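Colleague: What follows is the residue order along each chain.
There are 2 protein chains.
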Amino acid sequence: MYLTPSMAKLVHEFNKLPGIGPKTAQRLAFHILKISATEARVLASAIIEVKDRITNCPICYNITEDSPCSICKDTTRDHGLICVVEQPSDIIAMEKTRVYKGDYHVLQGAISPLDGIRPDNLRINELLMRIQQEKVKEIIIATDSDVEGEATALYLERLLRTMVARVSRIAHGIPIGSNIEYTDEVTLSKALESRRIL
Amino acid sequence: MYLTPSMAKLVHEFNKLPGIGPKTAQRLAFHILKISATEARVLASAIIEVKDRITNCPICYNITEDSPCSICKDTTRDHGLICVVEQPSDIIAMEKTRVYKGDYHVLQGAISPLDGIRPDNLRINELLMRIQQEKVKEIIIATDSDVEGEATALYLERLLRTMVARVSRIAHGIPIGSNIEYTDEVTLSKALESRRIL
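Here the protein sequences line up with chains A and B, keeping their order. When you read off a place in the first sequence, starting at 1, and then add 77, the result is the number in this note's numbering. When you read off a place in the second sequence, starting at 1, and then add 77, the result is the number in this note's numbering.
Hints may contain errors.
Note that identical chains are pooled: a pair holds if it fits in a single copy or bridges any two copies.
[What the hints assert, rightly or not] Derived pair list, reagent style DSSO-like, types lysine-lysine, alpha-carbon separation capped at 27 Å:
no., residue 1, residue 2
1, K150, K128
2, K173, K111
3, K214, K86
4, K150, K178
5, K111, K100
6, K93, K214
7, K212, K178
8, K93, K128
9, K173, K214
10, K214, K128
11, K267, K128
12, K212, K86
Simulated from the structure, these hints should not be mistaken for laboratory data. Here the structure is a predicted model, which is why all the values come from computation and not from measurement.
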């Protein structure tokens, strides 16, 4: 009632974005008012371009503008290694480590019966096809460590055990730089259980 | 390098918005990827529409889609009362009180010699014209209580004193609901200075 119709609409749209409350949405809308029409158009077209240009890689189901994606195409990477993740954003986190040089496979979610997500809603069949067609030496399961991620990891481990020479799960334990004192008991139990002999 | 070109561009554009850091920008960009193309288009067009439709009211310089704005047009409001604010967003805050029933005048900034903003860069001449043309009984100065806002208030008070029957400044003191103990010394000094006789 205090905003003009187009401002109210913009605030409403910004408010739909994750982590943007009504106050931030209003601040963003007033920012859009302040910037030049050209700058606003650049932002608007960036939003539309992302939707127009990005597809999923037909091999690994990561987001890409080329087909196949730059990782699947990269001949310097080890295509015998596949790291299975839930979301494309997980690949960004993995790539930032600069340690991993294998391929990926994006499940596009995790098994979650409560949300109606069963194994056949994920890209698991596509992973099985890759395993049959490519020479896969190892599958690294890097799903999240929440309930859904752990359930998915367990499901994949049982499914793939007989098909691939090695199936592994990324390690869970105390994050680097944190104190034992402030580590939650579940993480600490897991860290004890997974201790390495020195 | 880990994002596709169009995603990198969208993250860059979101990162330009106030209060949106690189992590939030990335989360927002992935959110745009997830929503439908229609929803993305609605957001993009809301951004453009705001720039296309909104102008300044030729009387009070508030943002508006009509000319003059709904407040200046409203015959139930007291047009003899003008509340002077820095920004259109200040009007929203004032209107939310539901107490004020007069008009507004948006300066579009505050005097700030360091940023090169002098009185003639603000809508002060337009305010003087309104005072000459309309029957103004009182000007309420509601600029911010920071250095620039106080300088602007002082400037306006001196300028308008002889032209308008009453020039007032909104009260400064302890915010309702807060403790004396945690009130900063400048606010507390001001609250003491502006004490009301009971």
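Colleague: Does each hint fit the structure? Answer for all of them.
Modeller: We went through each hint and held it up to the structure:
1. For the homomeric pair K150 and K128, the shortest alpha-carbon distance inside one copy (23 Å) is at most 27 Å, but the shortest distance between copies (42 Å) is not.
2. Only between protomers do K173 and K111 lie at most 27 Å apart by alpha-carbon distance; the minimum there is 22 Å, versus 35 Å within a single protomer.
3. Taking the closest pair of Cα atoms, K214 and K86 never come within 27 Å of each other, the shortest separation being 53 Å inside a single copy and 36 Å across copies.
4. For the homomeric pair K150 and K178, the shortest alpha-carbon distance inside one copy (13 Å) is at most 27 Å, but the shortest distance between copies (66 Å) is not.
5. In this homomeric assembly, K111 and K100 come within 27 Å of each other (Cα to Cα) both inside a single copy, at 17 Å, and across copies, at 24 Å.
6. Within a single copy, K93 and K214 get their C-alpha atoms no closer than 43 Å, and across copies no closer than 44 Å, so neither meets the 27 Å cut-off.
7. When the C-alpha separation of K212 and K178 is checked against a cutoff of 27 Å, the pair qualifies only within one copy, where the shortest distance is 16 Å, while the shortest distance between copies is 76 Å.
8. Taking CA atoms no more than 27 Å apart as the test, K93 paired with K128 passes in both settings, with 17 Å inside one copy and 20 Å between copies.
9. Taking the closest pair of Cα atoms, K173 and K214 come within 27 Å of each other only inside a single copy of the chain (23 Å); across copies the shortest separation is 64 Å, beyond that limit.
10. Taking CA atoms no more than 27 Å apart as the test, K214 paired with K128 passes in neither setting, with 35 Å inside one copy and 55 Å between copies.
11. Taking the shortest alpha-carbon separations for K267 and K128, neither the intra-copy value of 40 Å nor the inter-copy value of 54 Å comes in at or below 27 Å.
12. For the identical chains of this complex, K212 and K86 are neighbours neither inside a copy (53 Å) nor across copies (36 Å), given an alpha-carbon limit of 27 Å.
Comparing the model with each numbered hint stated earlier shows that hints 3, 6, 10, 11, 12 do not hold.
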